[in-house]
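K.L.:
Chain by chain, the residues run as shown.
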Amino acid sequence: MSDSTLSFRGDVFFRKFGIVAAFIGLCILVSILCQLRVAAGDWPDNVFLTAANLMLILHQISINGILAIGMTFVIIAAGIDLSVGSVLAFSGMVAASFATASVGVTPWSGNYGVVVPVIAALVAGAACGALNGWIIARFRIQAFVGTLGMLLAARGFTMALADGNPISAISPDLRWFGTGKVLGVVPIPVVLFLLVFAVAWTILNKSIFGRHVYAVGGNEKSARTSGIKTPRIKVLVYALAGTLAGLAGIILTAKTGSAQTNAGSSYELDAIAAAVIGGTSLTGGVGRLSGTLFGALIIGVMNNGLDILGVESFYQLIIKGALIVTAVIIDPSRKQTAL
Amino acid sequence: MKKSLLLSVGLLALAATLQVAAAADAKKVKIAVLMYGNKAEFVQLMQRYGKDDPAVTSGVADITFYDGRYDASVQNDQAQLAINSKFDAIIVNPMDFEANIPVVTAAKAAGIPVVVTNARLNTKDMNSEVVSDDVLGGYLEAKDVLAKLGCKGNVVIIEGPKGGSGEIQRGQGNEKALAECPPGAVKVLERKTANWSRAEALDLMQNWLSKHHSEINGVIGQNDEMALGAIEAIKAAGLNTKDFAIAGIDGVTDAINAVKAGEMTSILQDARGQMQGSIDVALRAVKGPDFKPLSPIWKQYEKDLAWNDGQSKRYDIPWTIVTKDNADSLLNDRK
Amino acid sequence: MTDPLLSMRGIKKNFMGIKALTDGSLELDRGEILALCGGNGAGKSTLLSVLMGFIAPDAGEILIDGDAVRFADARQALDAGVAIVQQELSAIPHLTVAENIYLGAQPSRHGFVDFTQLNRQAEDLLASLDFDIDPRAVMGNLSVASQQLVEIAKALSHRNARILIFDEPTSAIGDKDVERLFTVIRGLAAAGRGIIYVTHRLAEVFTLATTYTVFKDGARVASGRVSDIDRERLIEMMIGGAIEGEFVKDNTPEDTPLLEVRDLARAPRFRDVDFVLRKGEILGIYGLVGSGRTELLDTIYGLYHGDRGTISVSGRTFRGGAVQEAIGAGLAYVTEDRKDGGLVLCASVGSNLSLSILDRLQRWGFVRRDDELSQIGRAIKMMRIKTTGPDQLVRNLSGGNQQKVVLGRCILTDPKVLLLDEPTRGVDVGAKKEIYRFMSDFAARGGGVLMVSSDLEEIIGMSDRIIVLREGRPAGTFGRGAATAKNLMMAAV
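Protein chains in written order, with the working numbering: chain A, 1028 to 1366; chain B, -12 to 322; chain C, 33 to 525.
Please note: incorrect hints may appear among the correct ones.
Cut-off 25 Å, straight-line C-alpha distance, at most; resulting in silico cross-link-like pairs (DSS-like, lysine-lysine) [stated by the list, open to error]: (1) LYS1208(A) / LYS300(B); (2) LYS1248(A) / LYS448(C); (3) LYS149(B) / LYS1347(A).
Now the in silico label distances, taken between C-beta atoms and shown as ranges [to be verified]: (4) ASP339(C) / LYS1233(A): 39 to 45 Å; (5) ASP105(C) / ILE1055(A): 36 to 42 Å; (6) ASN46(C) / ALA1067(A): 48 to 54 Å; (7) ALA1349(A) / ARG321(B): 18 to 24 Å; (8) VAL1150(A) / THR509(C): 57 to 63 Å; (9) LYS139(B) / GLN1062(A): 29 to 35 Å; (10) THR1077(A) / GLN108(C): 57 to 63 Å; (11) ASP446(C) / GLN1343(A): 42 to 48 Å; (12) VAL1150(A) / GLN356(C): 25 to 31 Å; (13) GLN1343(A) / SER72(B): 32 to 38 Å; (14) ALA104(C) / ILE1055(A): 37 to 43 Å; (15) THR420(C) / LYS1233(A): 21 to 27 Å.
Don't read these hints as lab results, they were simulated from the structure.
For every residue, glycine included, the Cβ atom is placed at its ideal position computed from N, Cα and C.
Next up, chain A with everything else stripped away, as it sits in the complex (with noise of 0.2 Å):
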């Protein structure tokens, strides 16, 4: 109806807050359950409250968190990318092939120090991106459809690359992105990733660009009677999501110290994940890059305290899973039907 000029109070809190809640109160859960084992006696202390753990999160998060703040922008800009596993695995490939001892895996292969395959790699992953984002816009196809098609053919890329071989010895220089740290307690892909949602944070909120990306999702064609361009938009959005995750394949690659062919199998869901259970609605127009960290810690905080609680792999799935739903159920910013 049309005079709905009531707001709901409690949902600003909700939206602000609700998920830092939810976050905090898996964290305490945890080290509840953790507690309760140190008190029968089973375990010395509570290992999960402890600095080092909590740091260990952070590092395990690095590579899903740098995926989701991509996914982030584009499914505010009403899209979807379910390519970016795939395409971390071509640029953690294209990466290797420019750092690795081993010559011959492809025709160029050898190592070229740091800078070069670290560009490739970001290139590779913005061509991808940006090749998405261009076919979506142009043929106006539904990003399902189209990311779908890049899902496959980077898999075929990174297979092919190689012939179908991994890549490793990989170049103490690279390596250093994966296991490197910082005053020798912060790992590199922990600062990468605070980095990256630095940076994005402050597009998304402060450029104009992020303001065209929030406008694009939320009504296309209003976007595009303001004087808005949006197939650029578009191509942008995923080109962006390309790059960061041309930025986790590196990662990838030097943190296993090889690139696999099968590498950042369904990441894409993960990062989906993240970015829904932190509110970012699939419908476009809404979403924050503060709720998508809070989503990327509490599914690493879930797979931390679950493997520290010895939980099979399979609950850990269910738990996901209902998460997953009962974060989108609950969302307030939900945009509202029949009334």
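Chain A is fixed; fit chains B and C onto it per the hints.
P.N.:
Relative to chain A, chains B and C alone:
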């Protein structure tokens, strides 16, 4: 519309060309090899050894690989396709212990010989299986870890995908070795799947290290990738891999390098033995009793593996324990 | 004396502590057409939502034929005979007309939809209403007006519907269709049904309704027979005080041409369109639905390429088909449907207002927040938008205020020419007048306004000249004296 028309014409032309090429090779024995997927290094190795097989290079046989895309039903469809395309024999590396039985049933119904390789199928109808005994593999790797620990201390087991034949059989081997230690001497602190993945094993091992600090003495990875992930986790935690006994199975290149570096033990599953053994068994089934095996593997495993005129129901390709001594020659073999 | 068909007494409803209804009451008898009047926020919609079972009241009672009823959901209300013609277009675009009409009540055979029967039923229904619509047509391909007619048919498809609610049924359809609709409604009333009719177009109250009920601030303030009041009295009751004339018009056209459109055509929508909009002028474009008026504005604004013809602003010709160029040349466009093509509903008032001028507020690609806020503040003040602040979501504004946000976004680009398509559609009386004042002021300051409207009174009241389009071709231009309702209609049909 026009474009798609052009594309279809192009594809038809391509198909026609392939048809002609196939006709020219009519005398060759056509073998379809159904692989469960092609993203793993081991599969890549099998494919390489398949293409390098003496029967293939000499023109006796012509082999075609199919990618099963990690889906048992896709493989079943591909078997039907191979039968319809008049292949002379089928070699299948099955995705699933049960779900791929129709490959054998369909081939037998069409009167085509079928050989199962690498992983097992829960049927006795195939001509032969050319496999490595996963129970033995699991036993060997666990035995190695426990020997290094002197049957004393705490171990963790990183398992394959739950319910898969690899996880079940290698797990049985692990248990068998553990049971040979005095009761209570070795404690299994944790066991959980990392789905054959290095990245997943890395996260899992990090979490275990966070929980158990330095209590973990040994890591039994049910494949090399996961053992390598554990090694990365140990390094990332600032610990020394020399303080751990670590083992994996398969003998992937990175693992052999890690063996050279003294970080782990790997039990090599012989991709060449499985692939080329299968091809010879298949050729014997097609060509009859006059056929003599062509691959060098029969010579290599003379002591442990009898050819038996290609008539054995099961060929157990022996495992090779990778050591610093044989690592280089194994690596050279792959170049 | 028999009980009235419907009686609602003392309905109360609070939303999160905000009183939406304090005393919702009305009576409706058989054969009666009741005009439910009130500004946006008066409580009409909440009252109707209660009646239709969408929401449960906090207090009060509903009696149908003298029996107290209580609806747990919309289905129960429907079964009791309460049906509505939706204001919002709620059709499913890729289903056919027949499928939309009988959605959820398709005739079936052996568990499958019986399409033969479905189409025959729909055909009969549409024919009985004298609607010229093919039941097999896909909904999304129909014009807005035809879709609205289908909505009406849908409401009437419930055979036992005794209380029919029409919520702004004419907001999207042309005059010819309105006449036909009125005939249908009168017929329905004559057959003994009770009609509740909600509209912002007061003229319709007097042509159609027999009784009226006026709501203000969540309570009934007046009701009676329409024949006892006049328009002015009704408006006074709605706004709670006396008003002067409805339209505001203080502009005078100058001679300087501002927007020149020469020989513009876009097949098959319109052709031979040729006119000059002068400084200070409000130029109306009138035509029935399907006459090509919206498409004309779309093309001038660059949303689509024309087939031929030129468009120039202040003598500067610009390439068609590019919105950015049109904005650069000084055009601003308020589209027909503000929710689709005007606003980003899920965004704030502020970000909607500044959306078109972000490029002017930037430093190195970042928005200068202070400048932005001052521009937003300027627009809120200028358009008198009733909002809690720039951060309020546009979705939560009333229709009139939403429209003012669209106008505000346009005005911040400092346009020379405003293209307005149905600028007061779904807007309450108070806000309407403010929009008229805004148009008049804009033209008086030397701007030009090109306005499309299907509201005859509005277009006559506001325009200096009116071009009538008929089936995509100009069918006459009328100056202020000559533009009478009769003349315009004659040219349009």
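K.L.:
Which hint numbers does the structure go against, in order from smallest to largest?
P.N.:
1, 7, 11 and 13
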